[in-house]
Structure formats: structure tokens, C-alpha cells
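Q: Here is what each chain is made of, one letter per residue.
Protein chains: 2
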Amino acid sequence: MTPDTTPAELEQVLTDAAEAAAPLAASEPAVRAGWIRAVADALDAAADELVPIAMRESSLPEPRLRGEVARSTGQLRMFADVLAEGSLLEVVIDTADPDAKPVPRPDLRRVLVPLGPVLVFAASNFPFAFSVPGGDTASALAAGCPVVVKAHPGHPELSVKTAEVMMEALRAAGAPAGTFGLIQGFDVGVAALKDPRITAAGFTGSVPAGKALHEIAATRPEPIPFYGELGSLNPVFVTQAAIDARGNDLAGGFVASFTLGVGQFCTKPGLLFLPAGHGLEDRLTEATGGVAAAKMLSDKISEGFSSGLDRLRKVEGVRVLSEGPATLLQTTVPELLARPDEILEECFGPVSIVVEYGSVDELVAGVEAFGGNLTATLQAEESADAELAARLLPLLTARAGRVLWNGWPTGVAVSWAQHHGGPFPSTVGSIHTSVGVTAARRFQRPVAYQDTPDAVLPAVLRDANPAGISRRINGAITTAEVSR
Amino acid sequence: MTPDTTPAELEQVLTDAAEAAAPLAASEPAVRAGWIRAVADALDAAADELVPIAMRESSLPEPRLRGEVARSTGQLRMFADVLAEGSLLEVVIDTADPDAKPVPRPDLRRVLVPLGPVLVFAASNFPFAFSVPGGDTASALAAGCPVVVKAHPGHPELSVKTAEVMMEALRAAGAPAGTFGLIQGFDVGVAALKDPRITAAGFTGSVPAGKALHEIAATRPEPIPFYGELGSLNPVFVTQAAIDARGNDLAGGFVASFTLGVGQFCTKPGLLFLPAGHGLEDRLTEATGGVAAAKMLSDKISEGFSSGLDRLRKVEGVRVLSEGPATLLQTTVPELLARPDEILEECFGPVSIVVEYGSVDELVAGVEAFGGNLTATLQAEESADAELAARLLPLLTARAGRVLWNGWPTGVAVSWAQHHGGPFPSTVGSIHTSVGVTAARRFQRPVAYQDTPDAVLPAVLRDANPAGISRRINGAITTAEVSR
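Residue numbers (UniProt numbering), protein chains in the order written: chain A, 1 to 484; chain B, 1 to 484.
Worth double-checking, as some hints may not be accurate.
Any copy will do: because identical chains look the same in the list, a pair fits if it lies in one copy or spans two.
Capping the alpha-carbon separation at 35 Å, the derived lysine-lysine pairs in DSBU-like fashion look like this [said to hold, decoys possible]: (1) K101 x K194; (2) K295 x K211; (3) K314 x K161; (4) K314 x K101; (5) K161 x K101; (6) K211 x K194; (7) K300 x K101; (8) K300 x K211.
Think of the hints as simulated: they come from the structure by calculation, not from any bench. Every value quoted in this text rests on a predicted model; they were computed, and no experiment measured them.
Required output: the full structure, derived from the provided sequences and hints.
A: This is the structure we're talking about:
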């Protein structure tokens with residue numbers, strides 16, 4: 001076991017991070033992009049050393065972990081590209097209007113600047129992509145914030161080794177000392193969250209832990225934003241027409257999705273709504289029964305899964321369809337509506353619940369039983385279900401951050417349009433995403449410069465636009481220079 | 001005195017707001033823009049009725065209040081224009097990439113949707129522009145959120161009349177009942193903030209009140225975003241070269257700014273840093289002495305000002321330069337650094353402090369004594385002060401949401417590039433603005449649709465783009481249609 005960070009070490013990490021804030025904020029975006037690319041390159045180069053440690057500490061298989069390294073470094077490079085391209089700064093320029101009524105309008109130029117040191121609470125279930133070099137880290141570095149990661153206790157050695165690779169790459173690339181730091185220990189993380197030098201925090205984990213940390217962040221003498229990605233049930237709603245067209249494929253796809261990674265994804269489909277009489281029991285049972293046994297991330301998670309599963313199995317109106325390494329339960333919409341709090345509680349691991357509905361009204365009532373989720377999925381046929389889809393999609397939109405059509409929620413593409421977030425309790429802070437380009441916005445604040453001479457302005461706000469970045473000038477987005 | 005909203009009335013207002021959420025979210029942006037324009041037109045038409053009530057309740061002069069009506073209705077129309085134009089929805093489309101590595105990328109289309117009912121705590125000092133029809137209301141309506149305003153007790157009759165005008169305009173324009181509601185009473189506002197139907201809140205007021213309400217919002221069973229614009233000192237830093245070039249104008253401009261509106265602006269310059277030996281004492285004293293007496297917004301605010309002024313005058317090292325309807329105090333940077341907590345406490349009203357610095361290092365130390373502010377101003381000469389400006393601007397940027405060059409912070413233009421916000425304690429939520437187009441973002445959350453058929457998508461996300469709105473497609477902003 002790796003020892004907790006000592007108070008003296010924590011003080012040093014926070015001091016270094018605070019001292020790095022100003023030089024990072026002053027760094028040119030293209031230079032910062034170079035530092036981030038250096039981190040990506042170093043992680044790729046170290047994969048052969050890091051992956052075996054990750055396998056030992058997480059019990060996850062090698063291909064999955066290699067894919068995670070590729071996703072993490074791809075994500076870092078995406079941020080580097082966008083940073084160099086300029087969109088991440090959201091430059092907005094309104095030139096002066098001396099004739100504006102009721103008063104003349106000054107020249108205003110707005111750009112996003114980094115908040116300052118960001119604390120990242122790493123997740124257990126993605127040893128790379130939501131951990132030390134993950135999305136929170138990548139987006140905060142892109143924003144220009146020093147990052148302090150509180151390592152997850154599930155992979156302590158991997159966290160230390162990964163941080164060493166990143167810090168060495170940053171040092172060699174010329175980034176300020178203190179751009180990145182690592183701390184270990186629960187109490188140490190809480191102490192860091194309370195420290196006035198920390199200006200924002202990102203978190204991926206459970207609802208109770210996320211809510212408790214959010215309250216600490218919000219009730220500090222100087223409150224800071226806390227972005228928590230907590231838990232999600234990710235319901236999937238299947239129409240009769242979809243069953244008729246491709247029932248067997250649906251059953252197989254569903255089982256593959258809910259058992260992927262031993263069911264240890266925040267996007268695991270936890271409930272599958274099927275029309276009564278769907279006739280897929282055998283196919284579902286067969287697919288679930290064919291799932292191989294696999295070790296979970298940690299003993300603690302394994303124990304949590306066992307007790308959660310025991311609890312679910314004992315809920316009145318819930319029966320077992322298939323059990324083994326993966327478990328499939330079954331209930332009906334009326335049973336769910338009678339005991340929503342018991343049935344709609346996330347159980348992290350390889351279990352899901354088939355919920356049968358007896359009518360479209362019951363299906364709609366099932367949708368309306370849900371609170372906030374990361375995802376909600378509709379499996380339907382475009383022509384046959386046009387009317388039903390028009391009725392359901394606004395209800396799904398009101399409850400989820402990502403709405404899928406004929407897909408499975410596991411697997412989160414990293415791109416401009418991605419949104420990984422959703423109404424509480426799936427996140428604290430539903431207006432933000434933890435995956436995709438706009439994740440950087442969580443760690444940036446706007447500053448507007450009024451009537452400031454060109455030579456004194458940050459380079460991206462000056463009249464000339466030699467790098468050709470996209471800027472909104474007097475309301476319209478353009479790569480042109482400013483004409484006064 | 002207007003009676004508090006009763007529990008039964010509050011229940012009705014919240015029920016109506018919750019019921020309006022879905023139809024508002026489903027409304028076409030251009031239609032919603034029409035409703036907002038109808039509100040603006042109705043307020044302009046009712047100005048002759050509303051302004052006299054505002055004069056009586058706030059003691060503010062007619063021209064100022066007429067200007068505020070124009071600002072408020074101009075702001076509503078700005079949001080209507082931008083809403084119809086499409087940028088407020090921030091559409092982002094990434095088309096599918098079946099060849100993407102490590103896994104194929106789905107089609108993802110992201111749009112901002114409204115959060116739901118928004119609670120607005122109105123401010124005392126702007127009976128229109130930061131009250132019932134103010135920036136929080138306008139931006140939330142533009143986002144597609146029902147709005148419930150908690151009226152400020154300083155102008156109860158005006159609040160009721162304004163709300164009546166707005167509700168009648170919305171009704172006549174065809175907006176859903178419940179799009180707008182008004183409540184009165186401190187406890188009623190707190191009850192509304194705790195209600196699960198409220199999904200976000202905006203606030204303009206004092207630091208203690210804002211911090212207390214923020215904690216309520218953050219520690220609810222279902223936490224919600226709380227955007228508080230609290231307090232600000234708005235320091236102004238003047239170089240020797242600026243004194244040499246235009247000292248008399250600076251003295252006059254400063255006094256006009258800190259006494260504007262009886263000093264009752266959140267952007268009032270509360271401190272003016274001048275080089276020792278500036279020689280402007282007489283000019284400052286004369287200008288301050290020439291300020292006419294005027295009634296403050298309320299007896300409570302007047303009493304708060306008196307006690308704050310008494311407190312400031314008694315601080316060691318602070319002396320009175322000029323007193324009367326407006327008061328000018330004086331101290332030095334070493335005195336300020338010896339007692340920062342006593343000197344750097346906002347006093348709402350017509351008072352400001354001249355702070356003399358003995359060297360550039362003292363000036364820099366003075367800047368570094370500040371925490372978060374809405375604004376920070378540098379009065380300098382571009383050629384003579386190039387080096388000093390390069391040193392100071394990053395320090396001002398780190399501390400303020402708006403950085404002014406050779407201007408005065410009072411007066412906030414409403415436009416795309418404006419940012420009215422800043423690090424704590426000037427706001428809770430420094431990444432957001434309460435003025436300008438992007439204020440709407442506070443009340444919107446993203447939703448991404450994955451692989452969803454064109455016909456089922458919200459109109460703005462479909463391949464065709466008949467309205468020609470700006471969308472980011474595969475990373476680049478364009479008004480073109482999507483080619484698959």
C-alpha cells in the first residue's frame with residue numbers, strides 16, 4: 001500500500017501548483033498545446049511499462065487497458081489541437097460604437113482565462129481515461145490550469161508511475177514546475193479541497209461521496225465550482241416494432257453492453273424496457289449465461305456489488321431471469337412504479353433489469369419514473385415508431401445528457417459534440433460535460449478588456465489575427481482581422 | 001407594504017412554472033424570441049406608468065429610470081435577436097466516422113436545452129435592469145426557462161405592476177401560462193429556493209446574503225446552480241504618466257463615477273491608487289464637495305452606508321479628504337497592507353478611498369492585496385507606461401472579470417463581449433456572467449443525440465439548415481448543411 005501524502009508534501013504540491021498558475025495563464029496557447037502533446041507522447045511511449053501495473057492493480061484485461069491509454073493520449077492530443085486552433089478561448093470582440101443609445105458603447109474584447117489550480121479526484125473504473133491522465137486532467141491543462149490529482153486507492157502504483165511519466169514530460173518540454181502534482185489519501189484529498197489555493201475540482205465516483213465533496217466545495221469560505229460525475233442507470237426503451245425487426249440482435253447487444261468491463265461503467269444500461277410478450281427470455285438468458293467470470297476492480301467494489309445484488313433480488317416483484325457471472329433480473333412497470341426507490345438504485349457491476357410494459361402508456365409512465373441520467377436510449381423503428389418517438393424523445397431529453405437511437409450507451413466518443421453529463425444525480429453541475437472539447441470550459445472564466453490598446457492586449461484579442469483563429473466579432477464568427 | 005406571498009400562492013406559482021417547462025423547452029427559438037419581444041414592447045409602452053412608481057419607491061431620478069427601462073427592453077430584444085439567429089443554442093455536430101480508431105465514431109449532435117424553472121432574486125439598486133424584467137429574467141427566458149422572480153422589498157409596487165405588464169404581454173403573445181411569476185417575502189424566497197421544481201437561481205445582492213443562499217442551493221437534496229453577483233471594490237490604478245498628462249480630468253472623472261447614482265452601483269470605484277505627490281487634493285476635494293445631496297434607495301441602505309462610513313473613518317491610517325453628501329477618504333499602501341481586512345471592505349454608497357503609493361513596487365503590492373472583483377481599471381499612458389502595463393495587466397486579469405483601460409467602471413454595456421462577473425467574492429460562479437449574451441448559458445445544459453434519424457431530431461440539429469444558423473460541424477463553424 002502506498003502511504004498517504006504527508007501534510008508537508010501536500011503543502012509543497014499546493015505551493016508549486018499555485019506558483020505555476022501565473023506562468024501557465026501567461027503561456028501562449030500554442031506553447032501549452034506543445035506541453036500537452038509531450039505528455040501524450042510520453043504516455044504512449046511508457047505504455048509497455050504502465051499497462052502491466054494497471055492489469056495487476058485493476059484486474060482489467062490488457063486490450064481494454066491499451067485502448068484506454070490510446071483514448072487518453074488521443075484526448076490529450078485533441079485538446080492540444082483545439083487549443084492551438086483557438087476555439088477553446090472563445091474570443092468575442094465588440095468594437096466601439098460611439099453612436100450607441102442610450103450611451104456610447106466601448107470596445108470590449110472577451111477571452112476565457114484559466115481559473116487556477118484544479119483538484120481532480122480520480123475514478124476507480126478507468127485507470128487511465130478517468131484517472132491521473134484522464135479527461136479532467138487533460139481539459140484542465142488545456143484550459144491553462146495547474147492540476148493536482150488525488151489518486152484513486154484502487155491503483156496507487158499505476159498512479160505514481162503515470163504521474164512520474166507526465167511530470168518528466170512536462171519538465172522536459174519546458175512547462176512550469178508545479179503544472180502537475182499527485183497526492184494520495186482520502187483525508188489528504190479533503191484537505192486539498194478545502195485549501196484556498198485550489199480553485200475548482202473534478203470528481204468521478206459515487207453519489208454519496210460526490211455530494212459530500214460538493215458540499216465541502218460549496219461551503220468553504222471561498223466557494224469553488226465542483227464538477228461531479230456520480231451515478232447513472234442508463235435506461236433503454238425498446239418498442240414492439242424494434243423487437244419485431246431485430247429482437248435477437250437487441251437481446252445480444254444489450255447483454256454485451258451491460259456486462260462489458262464486468263458491468264463497471266457509469267454508462268452501463270441498468271434497465272431494459274421491453275413490451276410484455278417480447279419472447280426474448282431464452283435469448284437473454286442464453287446470452288447472460290454465456291458471460292465468463294471476471295474479477296472486479298477491487299474487493300471493495302466486489303463486495304458492494306454482492307450486497308447490492310442481494311438487495312435487488314429481495315425486492316418484491318423482482319425475479320431472477322438468469323444468474324452466474326452476470327445476473328439478469330426481471331420486473332414490470334407496475335412493480336417499478338410501486339417501488340421506484342428500491343428498483344431505481346444503481347448497482348455497480350454485471351447486473352441489469354428487464355422491465356416489461358403492458359401498453360404504451362405504461363412505457364411512458366416508466367420513462368417518467370426516472371430522474372437524471374447520463375444517457376437514455378430508444379430502440380425503435382423510424383417509420384413504424386415515428387409517433388411514439390416524437391412523444392418519448394422530449395421526455396428522454398428532459399432526463400438525460402445523451403440520448404441514443406438504436407445504440408448502446410457504453411462507449412463514449414471523445415469529440416466536439418460529445419456530452420457526458422446529465423441532470424442530478426448523474427452529475428452535480430448538469431450544464432457541464434466531463435468528456436469532449438467543451439469539458440475545458442469548466443476550468444475557464446471570461447475576462448473582458450475594455451478600450452485596451454492593441455499592444456497591451458493578449459495576442460488573441462488584437463486587431464490582427466495572424467494565426468487565423470475563429471473569433472466572434474460584432475456578433476458574427478469570422479477569421480478576419482478587426483477593422484476599427 | 002405589499003403582503004408576502006402565501007404558501008398556497010407560492011404553490012400555485014411553482015406548479016404553473018413547472019408545467020410551463022416542457023412547452024417552453026419545446027417552443028421553436030424564433031417563436032420564443034417573439035414572446036420576448038412582446039414583453040419588451042409592453043414594458044416600453046408602460047414606461048409612463050411604471051417610472052413614476054419607481055421614482056417614488058427608489059428615490060432615483062426620472063432620466064436614470066427611463067434609461068433603465070430602455071436598457072432592460074434593449075436587453076430583452078438583444079436576446080430575442082440572438083435566439084432567432086441561433087448562436088444561443090451552440091449547435092455542434094460531429095458526423096459519424098466508421099473508420100475512427102480505436103472504435104468507430106457515432107453521429108453526435110449537441111444542442112443546449114433549458115434547465116427548467118429559474119428563481120431570480122431581484123436587486124435593490126436597479127429597479128428595472130437587475131429586477132423583475134432584468135438581465136437574469138431576460139437570459140433565462142431566452143434559454144427557454146420559466147422564471148419566478150422574488151421581488152426586492154425596496155420596490156414592491158413597481159415589482160407587482162411590472163410583473164402584471166409582462167404576464168399580460170406573454171399571455172397575449174401565446175406563451176404558456178406559468179412562463180413568468182412573481183413572489184414576495186424573504187421566507188417565501190428561501191422556500192422557493194428549496195423547492196425541487198426550481199432548477200437554478202440568480203441573485204444580485206450582498207456577500208453574506210448571497211453566500212447563505214448559495215449554501216442552501218448547494219446543500220438541497222438535489223443541488224442546483226446558484227449564480228450570485230455579490231460585491232466588488234473596483235479598484236482604479238493611476239500611473240504618474242497619466243497624472244502628468246491629464247490629472248485634473250482624472251480627478252473629475254473619478255468623483256463623477258464614484259458618486260454616480262449616489263454611489264449605489266456594484267461597479268462603483270471604491271479605491272483610487274495615486275502616486276504620492278500627485279497634487280490633486282484640491283481638485284478631488286473640490287469635485288467631491290460639489291456633489292449634491294440625494295436620497296439613497298431606502299432607509300435601510302442609508303443606515304448601512306452611515307455605519308459603514310463611520311467604521312471606515314475610524315480605521316487607523318485613514319483620514320478624511322472631503323466630506324458632505326459624498327465622502328473621500330485617504331490612506332497609503334503601507335497602511336492598507338497593514339489593515340487590508342478593515343480597508344478593503346465594501347461600503348455601498350457615495351464614498352471612496354484615495355490610496356497613495358510611494359513606488360512602483362508599492363503599487364504592485366497594492367494590486368496584489370485584492371481578491372476577486374467585478375472590475376479593475378488601469379489609468380495609464382500607452383507609450384510611457386508600456387512596461388508597467390505589461391506587468392500590471394496579468395495581475396488585474398487574475399483578480400477581475402472586466403479590465404478597463406482609461407475608463408471608469410460604472411456603466412455596463414450589454415453586448416456579446418461583455419462580462420459582468422469575477423472571482424469570489426464578487427460573484428459565486430466566476431465562470432459565468434450576469435450581463436451580455438452569454439448570461440443565458442447559466443440556464444442551459446447540453447444534450448447530445450447519438451445516431452438519431454434526421455426526422456426525429458430537433459429542427460436545428462437536422463442536416464438541412466434552412467434558417468442558416470451558425471453550427472460547428474466536425475470542428476469548424478459554418479452555416480452550411482450537413483453532408484453525410
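Q: List in ascending order the numbers of the hints, as given earlier, that are violated by the structure.
A: 1, 3 and 4
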